[in-house]
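*Asks:* These are the residues of each chain, in order.
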Amino acid sequence: MNKQEIIELVVTRFPQVHERVAEAWITLAFNQILYEDFRKDPSNFDFYSKTYKNVAILKDPDTDIYYSTLPQQVVQLPDNAEGVRRINAMKGLMPEFIPLQRDSWDVFAGLDAGKIDHSIGFSPTNERIEYERNPGISKVRMDLVIPFDKYDDDDFINIPSGSDLRIIAIVEQLINGTPPESKLNN
Amino acid sequence: MDTPAVIPVTEVVKSYLNSKGTYTKINSRRYLQMLLEGFGDLNIFTSGSFKTYYPTIDSTNRISVPLEYIDYVRIGFPMLGEIWTLTKNDNLILPNAMDCGAEVGDSENMTPIDFANLNWADYGATGGANFLYYRWDKENRKLVFQGDGVGRQVIVEYLSTGVSLSGDTMVPREMLSLLKTYLRWQELSYDDRTPMNKEEIARRNFYDAKNQYNNFKNSFTVNEFLDALYSTYRQTPKR
Numbered sequence: 001m002n003k004q005e006i007i008e009l010v011v012t013r014f015p016q017v018h019e020r021v022a023e024a025w026i027t028l029a030f031n032q033i034l035y036e037d038f039r040k041d042p043s044n045f046d047f048y049s050k051t052y053k054n055v056a057i058l059k060d061p062d063t064d065i066y067y068s069t070l071p072q073q074v075v076q077l078p079d080n081a082e083g084v085r086r087i088n089a090m091k092g093l094m095p096e097f098i099p100l101q102r103d104s105w106d107v108f109a110g111l112d113a114g115k116i117d118h119s120i121g122f123s124p125t126n127e128r129i130e131y132e133r134n135p136g137i138s139k140v141r142m143d144l145v146i147p148f149d150k151y152d153d154d155d156f157i158n159i160p161s162g163s164d165l166r167i168i169a170i171v172e173q174l175i176n177g178t179p180p181e182s183k184l185n186n
Numbered sequence: 001m002d003t004p005a006v007i008p009v010t011e012v013v014k015s016y017l018n019s020k021g022t023y024t025k026i027n028s029r030r031y032l033q034m035l036l037e038g039f040g041d042l043n044i045f046t047s048g049s050f051k052t053y054y055p056t057i058d059s060t061n062r063i064s065v066p067l068e069y070i071d072y073v074r075i076g077f078p079m080l081g082e083i084w085t086l087t088k089n090d091n092l093i094l095p096n097a098m099d100c101g102a103e104v105g106d107s108e109n110m111t112p113i114d115f116a117n118l119n120w121a122d123y124g125a126t127g128g129a130n131f132l133y134y135r136w137d138k139e140n141r142k143l144v145f146q147g148d149g150v151g152r153q154v155i156v157e158y159l160s161t162g163v164s165l166s167g168d169t170m171v172p173r174e175m176l177s178l179l180k181t182y183l184r185w186q187e188l189s190y191d192d193r194t195p196m197n198k199e200e201i202a203r204r205n206f207y208d209a210k211n212q213y214n215n216f217k218n219s220f221t222v223n224e225f226l227d228a229l230y231s232t233y234r235q236t237p238k239r
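Chains as they are written, first to last, in our numbering: chain A, 1 to 186; chain B, 1 to 239.
FYI, nobody ran anything at the bench for these hints, they're computed from the structure.
Please note that the accuracy of each hint is not assured.
No farther apart than 25 Å at their CA atoms in a straight line, the calculated lysine-lysine pairs in the DSS-like style are these [unchecked claim]:
#, chain 1, residue 1, chain 2, residue 2
1, A, K40, B, K142
2, A, K40, B, K20
3, A, K115, B, K14
Use the sequences and the hints to build the structure in full.
*Replies:* Structure follows, in structure tokens:
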């Protein structure tokens, strides 16, 4: 199903809900489903990621840190890669990018692993991805897990297997817990 | 072509991730550091592999050792294509004489040993006599010699961690299982939530792999065994 079809499905079930409100509820439900699925297997998120190509690597003149601006907001997931599931060179597998906590940069700088490992650590921050050192390339491709409301209307969206009804259940739960619309006439 | 006999240490981490069935790389550098520490320990305590260094004894009758030097395996002098091992003497005075801020050694250590009067052909002579003696000066990371050593080239076989910071660190293929079991054990032991029995099984797996590795390393062929056996045979009458 594409994004619009999922919204329409929810609106059909709950006609009192506006499409934009339904989208917001589905976004929350989707985040919850992704989180639960991630806890089961964090390495199998290819299906729920969206690929962004030709993301530029820039150098911050104030800090000399290499970074890429996040092409889209990402879902927060409970590991140091967050919703940035993979970064690769545009072609091929080198250099290799690995997710690192920003604090670990200092730790690894003093350890043998930091000296002999040729892979490039990256750390997602609020708006951008910072690289531990110069990746030596100008553009990368990224696989990002983005929130439901950031997909285009006609984007096909994969729902984790067995979670279709769970999304509806969560949305229902959220809608039923919503305070009724204010009828007060000012 | 068969698979190579040595593999980069980073490939061991990847093999471990594959065995775990976890392909995310969030912990790969952490694993790499644990692995390097384990590999270093195994090189020092278990593997028996060493590096060789050919320094020339300086004017103070000493040699500096490389930064990665941990301990010597053998110190010798090249003679007729073999290593003439030198003798350890912990009674040597560690020279600390300085002149204008420069180390000048100790003249007593540089006096040639009177080889002719060592009496080692005497019926009462003991072994362990040599023309050059050494002692490890840990504080200054130097090997100190006594005897006619200045300007001579010696051979130092020494232990190191085997971890190269300047190039790729390569691991012998036969250590792959050993290192992976080590990594598993360490990963579990640093996780406070690990049940004790699970950690104990991992520890045993490591020691099983270590025994397997030692058996492989210390094995010898039938011909080597026969050579060792024949070397004890002699034609003189048996007593």
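*Asks:* Would you check the hint for K40 (chain A) and K142 (chain B), treating anything up to 25 Å between C-alpha atoms as holding?
*Replies:* 55 Å, violated
*Asks:* Quick one, are K40 (chain A) and K20 (chain B) close enough, alpha carbons at most 25 Å?
*Replies:* 14 Å, holds
*Asks:* Hey, K115 (chain A) versus K14 (chain B), does the alpha-carbon distance stay inside 25 Å?
*Replies:* 18 Å, holds
Checked against the numbered hints above, the structure violates only hint 1.
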